[in-house]
Amino acid sequence: MPITPTQNIWHNGQLIPWEKANIHVMSHVIHYGSSVFEGIRAYTQGTSAGVFRLPEHMQRLIDSAKIYRMPLPYTVDQLVSAVVDVVEANGVAPCYIRPIAFRGYGEIGVNPTKSPIEVYIANFPWGKYITASEGADVCISSWSRLAPNTMPSLAKAGANYMNSQLINMEAKANGYVEGIALDRNGYLSEGSGENLFLVRGGILYTTPLANSVLSGITRDSIITIAKHLGIPVVEQTLPRELIYIADEAFFTGTAAEVTHLRSVDQIMIADGKMGPITTAIHDEFFALVNGLKPDRYNWLTPVNVKVEATV
Numbered sequence: 001m002p003i004t005p006t007q008n009i010w011h012n013g014q015l016i017p018w019e020k021a022n023i024h025v026m027s028h029v030i031h032y033g034s035s036v037f038e039g040i041r042a043y044t045q046g047t048s049a050g051v052f053r054l055p056e057h058m059q060r061l062i063d064s065a066k067i068y069r070m071p072l073p074y075t076v077d078q079l080v081s082a083v084v085d086v087v088e089a090n091g092v093a094p095c096y097i098r099p100i101a102f103r104g105y106g107e108i109g110v111n112p113t114k115s116p117i118e119v120y121i122a123n124f125p126w127g128k129y130i131t132a133s134e135g136a137d138v139c140i141s142s143w144s145r146l147a148p149n150t151m152p153s154l155a156k157a158g159a160n161y162m163n164s165q166l167i168n169m170e171a172k173a174n175g176y177v178e179g180i181a182l183d184r185n186g187y188l189s190e191g192s193g194e195n196l197f198l199v200r201g202g203i204l205y206t207t208p209l210a211n212s213v214l215s216g217i218t219r220d221s222i223i224t225i226a227k228h229l230g231i232p233v234v235e236q237t238l239p240r241e242l243i244y245i246a247d248e249a250f251f252t253g254t255a256a257e258v259t260h261l262r263s264v265d266q267i268m269i270a271d272g273k274m275g276p277i278t279t280a281i282h283d284e285f286f287a288l289v290n291g292l293k294p295d296r297y298n299w300l301t302p303v304n305v306k307v308e309a310t311v
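Residues in the sequence shown are numbered from 1 upward in steps of one, following this note's numbering.
Among the hints, a few may not be true.
As the list claims (entries may be wrong) - Below, computed lysine-lysine pairings styled on DSS-like, alpha-carbon distance capped at 30 Å:
(1) K172 - K273
(2) K293 - K227
(3) K128 - K306
(4) K20 - K128
(5) K306 - K20
(6) K293 - K306
(7) K128 - K293
(8) K273 - K227
(9) K273 - K128
(10) K128 - K227
(11) K20 - K66
(12) K273 - K293
(13) K66 - K114
(14) K114 - K20
(15) K128 - K172
As the list claims (entries may be wrong) - Ranges of calculated distance between the beta carbons of each label pair, as one might list FRET restraints:
(16) E235 - T150: 19 to 27 Å
(17) R200 - V25: 47 to 55 Å
(18) Y244 - T4: 37 to 45 Å
(19) E19 - S144: 38 to 46 Å
(20) T150 - D63: 13 to 21 Å
(21) I108 - I267: 42 to 50 Å
(22) P71 - M151: 14 to 22 Å
To be clear, the hints were calculated from the coordinates, so they are not data collected in a lab.
Yeah, the Cβ is synthetic: ideal placement off N, Cα and C, and Gly gets one too.
Construct the complete structure from the given sequences, taking the supplied hints into account.
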């Protein structure tokens with residue numbers, strides 16, 4: 001999806017013009033993939049706007065950086081304020097927000113510790129990531145997710161998404177909108193950029209963190225919503241074939257939000273339509289983020305952006 005430029009980007013504590021947010025071609029991140037990042041959405045609630053689970057996203061950014069021995073010189077509160085500043089300065093909502101920290105220009109070589117740490121935050125308009133109004137047709141990828149003790153799945157690191165690119169490109173080349181990866185043992189893991197949920201017999205299942213999945217913030221939100229709605233939730237290892245006989249299945253993520261799956265490997269999931277449990281979770285999620293229901297979990301950080309009233 002093309003990027004629509006905005007006016008400002010936050011860089012190491014100050015707002016700079018969008019077109020000035022450049023890095024040197026010899027920056028460490030370009031050669032060795034040394035970056036961690038977040039994807040966040042700001043939603044509108046009538047004429048106001050709020051950023052979804054902003055402190056949790058900033059904590060995960062700091063955690064990802066810590067795993068890679070990349071200490072960030074900012075606290076969660078400072079990063080939260082930085083996101084609010086750039087969103088308000090650009091006056092764009094709803095929007096997608098991309099904080100990123102990486103090793104910049106300093107030295108060449110695998111050891112990154114002598115290269116400076118750069119932190120940027122951008123925001124811009126962005127619509128649906130998976131545009132499949134009737135449900136997504138997906139496949140099981142021939143590419144597996146990263147094995148434990150190779151690349152840490154709990155870190156949202158740029159280098160991990162080379163694996164995601166392979167999964168996604170293969171799926172698109174074969175006529176699907178997305179791919180689902182298995183873990184090293186052949187169990188269900190996640191999509192290229194989405195967590196996975198299945199419904200069978202009225203129980204909501206999702207793959208545990210030990211199956212090489214990202215600790216998704218939307219994933220956690222859906223588990224919270226499901227429990228509030230009285231839907232049993234089980235986190236357990238899931239065999240590949242369970243998805244073929246599931247009553248319902250859906251993706252979650254900042255980009256995907258809640259996207260139901262119509263088919264997997266050309267096998268229809270039930271009748272292919274969004275099932276009742278997915279519908280209940282989907283509707284509750286969007287009611288919360290769009291201000292149609294009270295923000296009972298305090299998930300929305302308000303931003304002062306003028307939003308046109310809908311007629």
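Hint-by-hint comparison with the structure:
A distance of roughly 22 Å separates the Cα atoms of K172 and K273; the hinted pair therefore holds under the 30 Å criterion. At most 30 Å may separate the alpha-carbon atoms for a hinted pair to count; K293 and K227 meet this at roughly 17 Å. Among the hinted pairs, K128 with K306 is consistent with the structure: their alpha-carbon atoms are about 22 Å apart, no more than 30 Å. A C-alpha spacing of about 28 Å is found between K20 and K128, which places the hinted pair at or below 30 Å, so the restraint holds.
Of the pairs offered as hints, the one joining K306 and K20 holds, with about 26 Å between alpha carbons and a cut-off of 30 Å not exceeded. Straight-line distance between C-alpha atoms of K293 and K306 comes to about 21 Å, which keeps the hinted pair within the 30 Å bound. Restraint check: the Cα-Cα separation between K128 and K293 comes to about 22 Å, which is no more than 30 Å; the hinted pair holds. Restraint check for K273 and K227: satisfied, since their Cα atoms lie roughly 23 Å apart, inside the 30 Å limit.
Using a Cα cut-off of 30 Å, the hinted pair K273 and K128 holds, with the two alpha carbons roughly 19 Å apart. The suggested pairing of K128 with K227 holds, with an alpha-carbon distance near 26 Å, which does not exceed 30 Å. At most 30 Å may separate the alpha-carbon atoms for a hinted pair to count; K20 and K66 meet this at roughly 28 Å. Of the supplied pair hints, the one linking K273 and K293 holds, its CA atoms being roughly 25 Å apart against a limit of 30 Å.
Taking the CA atoms of K66 and K114, the gap is about 16 Å. The hint holds against a cut of 30 Å. Of the pairs offered as hints, the one joining K114 and K20 holds, with about 24 Å between alpha carbons and a cut-off of 30 Å not exceeded. At roughly 17 Å between alpha-carbon atoms, K128 and K172 fall within 30 Å of each other, so this suggested pair holds. Between E235 and T150, the C-beta spacing of about 22 Å keeps the proposed range 19 to 27 Å intact.
For R200 and V25, the Cβ-Cβ distance of about 50 Å falls inside the hinted range of 47 to 55 Å, so the restraint holds. Taken as a hint, the range 37 to 45 Å holds for the pair Y244 and T4, whose Cβ atoms sit roughly 39 Å apart. Between E19 and S144 the C-beta distance comes to about 40 Å, which sits within the given range of 38 to 46 Å. Taking the beta carbon of each, T150 and D63 are about 19 Å apart, inside 13 to 21 Å as hinted.
Taking 42 to 50 Å as the suggested C-beta distance range, the pair I108 and I267 conforms, at roughly 49 Å. Distance hint check: the CB atoms of P71 and M151 are about 20 Å apart, consistent with the given range 14 to 22 Å.
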